[in-house]
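Could you build the full structure based on these sequences and the hints that come with them?
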Amino acid sequence: MTTSSEQGRELVEMAWDPITRIVGSLGVYCKIDFANRQVAECYSTSSIFRGYSIFMKGKDPRDAHFITSRICGICGDNHATCSVYAQNMAYGVRPPHLAEWIINCGEAAEYMFDHNIYQENLVGVDYCEKMVRETNPGVLAKAERTEAPHAEDHGYKTIADIMRSLNPLEGDFYREALAMSRLTREMFCLMEGRHVHPSTLYPGGVGTVATVQLFTDYMTRLMRYVEFMKRVVPMHDDLFDFFYDALPGYENVGRRRVLLGCWGSLNDPDHCDFTYENMGDWGRKMFVTPGVIVDGRLVTNDLVDINLGIRILLGSSYYDDWVGATDPFVTHDPLGNPVDIRHPWNQHTIPRPQKRDFTDKYSWVMSPRWFDGKDMLALDTGGGPIARLWSTALNGLVDIGYVKSTGHSVLINLPRTATKPEKTFEWKIPTYKGEPLSNALERNRARSYFQAYVAACALHFAEQGLNEVRQGRTQTWEPFTVPDEAISCGFTEAVRGVLSHHMVIRNGKIANYHPYPPTPWNASVRDSYGTPGPYEDAVQNTPIFEENSPENFKGIDIMRAIRSFDPCLPCGVHMYLGEGKLLRTLHSPHAFTAP
Amino acid sequence: MTTPTKSATSKQRKQEEPVIHILWMNAGLSCDGDSVALTAATQPSIEDIVLGVFPGLPKVAVHWPLIDYESGPMQGADAFIEWFFKAARGELDPFVLVVEGSIPNESLKREGYWTGFGNNPDTGQPMTVPEWLDRLAPNATGIIAAGTCATYGGIHAMAGNPTGAMGVADYLGWDWRSKAGLPIVNVPGCPIQPDNLSETVLYLLYQLAGQAPMIPLDQALRPTWLFTATVHEGCDRAGYYEQGQFATEYGTPECLVKIGCWGPVVKCNVPKRGWMNGIGGCPNVGGICIACTMPGFPDKFMPFMDEPPGAHVSSTISEAYGSVIRTLRGFTFRTVDKEPKWRRKGRELLTGYKAPWS
Chain Z
1 MTTSSEQGRE
11 LVEMAWDPIT
21 RIVGSLGVYC
31 KIDFANRQVA
41 ECYSTSSIFR
51 GYSIFMKGKD
61 PRDAHFITSR
71 ICGICGDNHA
81 TCSVYAQNMA
91 YGVRPPHLAE
101 WIINCGEAAE
111 YMFDHNIYQE
121 NLVGVDYCEK
131 MVRETNPGVL
141 AKAERTEAPH
151 AEDHGYKTIA
161 DIMRSLNPLE
171 GDFYREALAM
181 SRLTREMFCL
191 MEGRHVHPST
201 LYPGGVGTVA
211 TVQLFTDYMT
221 RLMRYVEFMK
231 RVVPMHDDLF
241 DFFYDALPGY
251 ENVGRRRVLL
261 GCWGSLNDPD
271 HCDFTYENMG
281 DWGRKMFVTP
291 GVIVDGRLVT
301 NDLVDINLGI
311 RILLGSSYYD
321 DWVGATDPFV
331 THDPLGNPVD
341 IRHPWNQHTI
351 PRPQKRDFTD
361 KYSWVMSPRW
371 FDGKDMLALD
381 TGGGPIARLW
391 STALNGLVDI
401 GYVKSTGHSV
411 LINLPRTATK
421 PEKTFEWKIP
431 TYKGEPLSNA
441 LERNRARSYF
451 QAYVAACALH
461 FAEQGLNEVR
471 QGRTQTWEPF
481 TVPDEAISCG
491 FTEAVRGVLS
501 HHMVIRNGKI
511 ANYHPYPPTP
521 WNASVRDSYG
531 TPGPYEDAVQ
541 NTPIFEENSP
551 ENFKGIDIMR
561 AIRSFDPCLP
571 CGVHMYLGEG
581 KLLRTLHSPH
591 AFTAP
Chain P
1 MTTPTKSATS
11 KQRKQEEPVI
21 HILWMNAGLS
31 CDGDSVALTA
41 ATQPSIEDIV
51 LGVFPGLPKV
61 AVHWPLIDYE
71 SGPMQGADAF
81 IEWFFKAARG
91 ELDPFVLVVE
101 GSIPNESLKR
111 EGYWTGFGNN
121 PDTGQPMTVP
131 EWLDRLAPNA
141 TGIIAAGTCA
151 TYGGIHAMAG
161 NPTGAMGVAD
171 YLGWDWRSKA
181 GLPIVNVPGC
191 PIQPDNLSET
201 VLYLLYQLAG
211 QAPMIPLDQA
221 LRPTWLFTAT
231 VHEGCDRAGY
241 YEQGQFATEY
251 GTPECLVKIG
261 CWGPVVKCNV
271 PKRGWMNGIG
281 GCPNVGGICI
291 ACTMPGFPDK
301 FMPFMDEPPG
311 AHVSSTISEA
321 YGSVIRTLRG
331 FTFRTVDKEP
341 KWRRKGRELL
351 TGYKAPWS
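First to last, the sequence lines map onto chains Z and P. With UniProt numbering, the residue at position 217 of the first sequence is 217, and numbering never jumps. With UniProt numbering, the residue at position 167 of the second sequence is 167, and numbering never jumps.
Keep in mind the hints are simulated off the structure, nothing from the lab. Check before you lean on any hint, since a few could be wrong.
Said to hold, decoys possible - Stretch-level coverage of chain Z by chain P, calculated; a stretch enters the list once three of its residues show a Cβ under 8 Å from a Cβ in chain P:
| # | region |
| --- | --- |
| 1 | 66–75 |
| 2 | 110–122 |
| 3 | 140–151 |
What the hints assert, rightly or not - Below 20 Å or equal to it, Euclidean Cα-Cα: the simulated EDC-like pairs (lysine to aspartate or glutamate) are:
| # | chain 1 | residue 1 | chain 2 | residue 2 |
| --- | --- | --- | --- | --- |
| 4 | Z | K142 | Z | D161 |
| 5 | Z | K57 | P | E47 |
| 6 | Z | K130 | P | D299 |
| 7 | P | K338 | P | D299 |
| 8 | Z | K130 | Z | E176 |
| 9 | Z | K355 | Z | D320 |
| 10 | P | K354 | Z | D320 |
| 11 | Z | K509 | P | E307 |
| 12 | Z | K355 | P | E307 |
| 13 | P | K59 | Z | E170 |
| 14 | Z | K59 | P | D306 |
| 15 | Z | K57 | Z | D327 |
| 16 | Z | K509 | P | D122 |
| 17 | P | K258 | Z | D60 |
| 18 | Z | K57 | P | D299 |
| 19 | Z | K355 | P | D78 |
| 20 | P | K354 | Z | E170 |
| 21 | Z | K509 | P | D306 |
| 22 | Z | K230 | Z | D172 |
| 23 | Z | K355 | P | D299 |
| 24 | Z | K59 | P | E307 |
| 25 | P | K300 | Z | D60 |
| 26 | Z | K285 | Z | D302 |
| 27 | Z | K59 | P | D299 |
| 28 | Z | K130 | P | E47 |
| 29 | P | K258 | Z | E478 |
| 30 | P | K345 | P | D175 |
| 31 | Z | K130 | P | D78 |
| 32 | P | K59 | P | E47 |
| 33 | Z | K355 | P | D122 |
| 34 | Z | K130 | Z | D161 |
Remember, predicted model here, so these are calculated numbers, not experimental data. Each residue gets a CB set at the ideal place from its N, CA and C atoms; glycine is no exception.
Shown next, in the form of structure tokens:
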């Protein structure tokens, strides 16, 4: 901790590194203005380079999903799935419907598991009684006095009771959620073999043996989760609403402009033929609709537009530029549209390890941006669910009974379960004083609603899959051959947001392969145009509500802002922010100035 | 993640009963999949271990980034990383170090780092995993390498990799012994089968409490009760193999050896134990075994979807005497149970990648 004086402000430097309760190693380095109770400046840093795009070169393209699954240890199956989608396009193979329903059941289980464990066992601890007692005793006192509006639904009488239930290990809900995260992983293993790196996914389909029993085993577990959701959603509504009530202005914690990306998820096998040419059409048939949302408006829902708009900028990262040094792999897409040299199809990864210097290069992660024809937009995913629900709501395309998009909201219809009657939840686009609202609490709230959304979708997928089996259509895999030359892409939603895989095959081998997971989007560095990354906006706007003095300050509001994005650092992030200008290196010996 | 009552009475307890600290370092080249997998364990679960539900189990305090309560600022309130500095200074005893992820070769370049975990207080730069191992290994009572990356290098140590990644034993030496005389304990798997790791932790805790003899390990430092039998020996599709019924397409119930399964030469209990609660797995549920527990993974098994060399011979003579097959497999075992040569210390990168920075 070092105190310095800048422009007449007393700033205290503090660093959190590594941040716990996320996946991977993330650090944030802040200057805090305690007098004005706000974060003045902040760097975020993660330090890991593994080099997937480098060691995949020259390998057999059929190995791509086995390899890329290992990118992430909590959503590896999302990578495997995305890679299988990209391979299907490259090999021109369309899996049997049953295989697609099985993958959808598996991926739905992944969302159910991952959002659940993250929300309750990682994020939830930031809102538990023990934490609130240590950071905001005044808020806890109010929580003790505040009756939970939905007590009848979830069984906790006061808000403080909810908070106590989230205490690590001691809290009954904490333990129940952990157990539920195992039940949902069993559902996953039924469909994809193993969590988190699946054993039964292949280009062309799955190796899962589809029987009546497979779907019975899945459905019995799913119905228990559906019942669980009837408590989870109202309980989190109560908890998050309470924070707005107890701490006026909490709307601004982690708030940033609404710039959301969703690449769509869960294909409809009746429509998805995995051709690039039809990608815009089958993309719109996904059960989570793709979309780019700027200031609350839908810019596009066409996967071809989304694909062509992706740009990879170097920013402040430890790489040499490839532009000018190499020829493009792909000049035009299969529809004849020009492809930019900074598109993932044309990217080269040329590492140049060097010292971390926050005034220059300090990151192993590049800066993905989306070009709308005018600006390089620093889209975020809000940790996944808020972007998925927002895009699905605005598009108004999904209507399968269990879930329905209204154009301004999403309806989730859960059937009767063991002890609870049928229940409808409605997720509405969040607003604050008439403006669309993307902040820490709404990212978290959307996570609970999306768990219910995808559980409802899973009912549909399991019914469709079982129907295929009952009709005797049990084939789950379609043969294919690997072409000598191909380009392809896969789009889906990793648990925490947009995921794309881009592949170029030459001489039957991988010539180029670049995956883009959500975390580089969310936590990207200031790019070569000076555009700040999403965390930068979000943390910059964060006021400090914690009651502790600098000596025993925990930084809970900063942690809540960061964790709302569901950082997943095996993908790696680094960021810098400082009131729109470069932070000058201080003379004082402090934790994050490079010597 | 500590025993709930501990924080309030930690000093008191220290005098009454020793606490074994478990320091989990997830900063190797990994995906954190082994951390995530451990939360899936049920036999025993992580709660079982931390809450001490087994008779005679010593008290433990787990310092585990994935779900640790502590997340305060460095040198401030509740700083997570401080436990690691304490252990490095010799102020935390006894502790077991769990390493997740492969160890990058940080000597390949003049500056920079492949991965870091907190900062080196002397330089302000990220503290690398080799630096942490150098500081922590001498003080550790035991070291567990969790997952195939930490045990043998794994996927990030594949041919053509830029980081020179290797396993913990490649870095510390295969003959390394802790101050208590324990070898490195390797629990491979990509990721680990959840219960395999939690059960190994449980065994070691009993051993450290003086209630169990030295953990039995094979030459690749694997617990023998988990990694002696092959995938094939535990696979419920082996009956099809015996009958000469082989799948030619994915999604059918027969034996998968002709479409890429390496089960006959891979040491792993997953088909027998299932992935979690007996559910899931690999060839038993239609997924080819890609040998993710093996020292030779992944290089010696790629392309994964092709028929393994040798599978043709052994499957066509599956009616012949078992001893013949076992002898034939012995040759393959010796190859695939070894890491490729490039996974080692030194200043040279031998993976085939031409470093642009040199």
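*Has the given pair, P/K354 with Z/E170, been kept, meaning a C-alpha gap of at most 20 Å?*
Violated, because 53 Å separates the two Cα atoms, which is more than 20 Å.
Exercise. Given the hinted pair Z/K355 and P/D78, is their alpha-carbon gap at most 20 Å?
Worked result: At roughly 28 Å apart (the allowed maximum being 20 Å), P/D78 and Z/K355 break the hint.
Taking 20 Å as the top limit, are the C-alpha atoms of Z/K355 and P/D122 close enough?
-> Satisfied, since the Cα-Cα distance of roughly 14 Å is no more than 20 Å.
Self-check item: Residues of the region 110–122 of chain Z with Cβ under 8 Å from chain P, three needed, outcome
Solution: Satisfied; 3 residues make the cut.
**Prompt:** Are the Cα atoms of Z/K509 and P/D306 separated by 20 Å or less?
**Reply:** With a Cα-Cα distance of about 15 Å, the restraint between Z/K509 and P/D306 holds, given a limit of 20 Å.
Q. Three or more residues of the region 140–151 of chain Z near chain P by CB distance under 8 Å?
A. violated (count 0)
Please verify whether Z/K59 and P/D306 have alpha carbons no more than 20 Å apart.
Holds. Z/K59 to P/D306 sits at ~13 Å (cutoff 20 Å).
Checklist entry - Regarding the pair Z/K57 and P/D299, is the alpha-carbon distance no greater than 20 Å? => result It holds: about 14 Å lies between the C-alpha atoms, which stays within 20 Å.
Given pair status - Z/E478, P/K258, alpha carbons within 20 Å:
holds, 17 Å
Practice prompt. Verify the proposed pairing of Z/K130 with P/E47, using a straight-line Cα cut of 20 Å.
Written response: Cα-Cα ~18 Å, so holds.
Check whether the Cα positions of Z/K130 and Z/E176 lie no farther apart than 20 Å. Roughly 18 Å separates the two Cα atoms, so the pair holds.
*Proposed proximity, Z/D327 with Z/K57 (alpha carbon, max 20 Å)*: Satisfied, since the Cα-Cα distance of roughly 16 Å is no more than 20 Å.
Hint compliance for this structure: hints 3, 5, 6, 12, 16, 19, 20, 23 are not met, and every other hint is.
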